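Residue numbers (my numbering), protein chains in the order written: chain A, 325 to 467; chain B, 325 to 467.
Quick caveat, the hints were computed from the structure, so don't treat them as lab data.
Hints may be right or wrong, so weigh each one.
Any copy will do: because identical chains look the same in the list, a pair fits if it lies in one copy or spans two.
Once the Cα atoms are required to be at most 25 Å apart in a straight line, the calculated SDA-like pairs of lysine to any residue come out as [stated by the list, open to error]:
| id | residue 1 | residue 2 |
| --- | --- | --- |
| 1 | K334 | N406 |
| 2 | K334 | G420 |
| 3 | K401 | D433 |
| 4 | K423 | P457 |
| 5 | K334 | E372 |
| 6 | K334 | D438 |
| 7 | K334 | G437 |
| 8 | K401 | V386 |
| 9 | K401 | R453 |
All values derive from a computational prediction rather than experimental measurement.
2 protein chains.
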Amino acid sequence: MSDLVERLRKHRWRMTPQRRVIAETLDGAHVHYTADEILDRACARMPEISRATVYNTLNEMVALGEVLELNFDGRSKRYDPNVEHDHHHLICEGCGITKDVHTVADPLDWLPGDERHGFAVTEASITFRGLCPECRRGEHRRS
Amino acid sequence: MSDLVERLRKHRWRMTPQRRVIAETLDGAHVHYTADEILDRACARMPEISRATVYNTLNEMVALGEVLELNFDGRSKRYDPNVEHDHHHLICEGCGITKDVHTVADPLDWLPGDERHGFAVTEASITFRGLCPECRRGEHRRS
DNA sequence: ATCTTAGCTTAGACTCTGTCTAAACAAAGA
DNA sequence: TCTTTGTTTAGACAGAGTCTAAGCTAAGAT
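With these hints in hand, go ahead and build the complete structure from the sequences.
What follows is the structure in structure tokens.
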């Protein structure tokens with residue numbers, strides 16, 4: 325069921341119970357959690373799991389290239405098990421919820437040569453911001 | 325000389341010596357500093373200035389809409405006195421230097437309705453990443 | 001001039017994320 | 001079973017930023 329677990333296995337990475345819980349928590353989510361949200365959810369299934377393990381494991385998954393680390397609000401990082409290259413992110417200014425989205429064009433093509441300042445530009449990602457349906461009606465508190 | 329100081333005045337915002345030093349530091353820069361870098365530079369001109377004042381002042385400028393708060397590395401925020409709406413950012417993966425750039429089209433138009441998940445999408449910004457000319461030849465250390 | 005009041009600045013304590021350390025704990029091969 | 005290597009843990013630590021309570025300053029009212 326968990327595609328991420330499969331992908332991690334391929335790296336000959338030792339799959340421990342802790343790592344499995346973390347990977348499954350990540351992979352099952354339709355939104356991108358912060359490390360602490362993942363810790364909470366992992367704790368629900370395995371109460372003895374430690375904060376250090378969650379942080380270590382997330383960093384290792386990022387290093388293996390199987391998880392993306394996102395950073396939008398300047399506070400906490402969020403983790404995205406979708407490493408497909410051509411996707412972007414939509415963030416709610418109200419509650420911080422983060423979703424993957426796809427655009428109709430590749431933004432790399434839209435930066436003219438004379439705006440590149442001699443850089444070798446290799447990547448472009450778009451951050452869309454707005455209010456999610458819940459936050460549009462009623463006020464919501466940022467978690 | 326300082327355009328930002330002028331813009332802030334227009335908000336009937338009390339211009340104190342501390343705020344002037346901070347605004348001039350920000351506005352004189354051709355790259356985007358972190359709060360601590362601004363503190364260092366402000367201290368060079370006014371050694372008694374406090375950290376709290378720098379942070380408060382930057383947040384107020386952001387709230388007034390005259391300065392943009394940027395966040396790329398997940399560590400520290402950077403401040404951009406250019407609030408012109410339609411610009412984006414180009415960041416060097418080597419040294420972290422950050423420049424303003426312009427694209428040929430507005431990315432808001434590239435997100436189809438069925439990718440909006442019911443959000444009211446109001447803003448889109450692109451982060452371009454690559455290597456700056458200095459970092460392309462020779463190795464450079466991230467500051 | 002001076003008083004009053006609102007707003008600004010300050011030092012330092014605090015919070016929140018995230019990292020590091022050292023010790024205890026598994027697991028796999030010899 | 002022993003050894004080696006890798007994993008997990010609690011808690012100490014670090015960096016960035018916020019908050020608090022006190023003192024200070026400036027502008028308008030008298």
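Comparing the hints with the structure gives:
no., hint, in the structure
1, K334 to N406, "within (16 Å within a copy, 46 Å between copies)"
2, K334 to G420, "neither (33 Å within a copy, 32 Å between copies)"
3, K401 to D433, "neither (28 Å within a copy, 27 Å between copies)"
4, K423 to P457, "within (13 Å within a copy, 34 Å between copies)"
5, K334 to E372, "neither (27 Å within a copy, 57 Å between copies)"
6, K334 to D438, "neither (41 Å within a copy, 34 Å between copies)"
7, K334 to G437, "neither (38 Å within a copy, 37 Å between copies)"
8, K401 to V386, "both (12 Å within a copy, 22 Å between copies)"
9, K401 to R453, "both (17 Å within a copy, 18 Å between copies)"
The structure does not agree with the numbered hints 2, 3, 5, 6, 7 stated previously, though it agrees with the rest.
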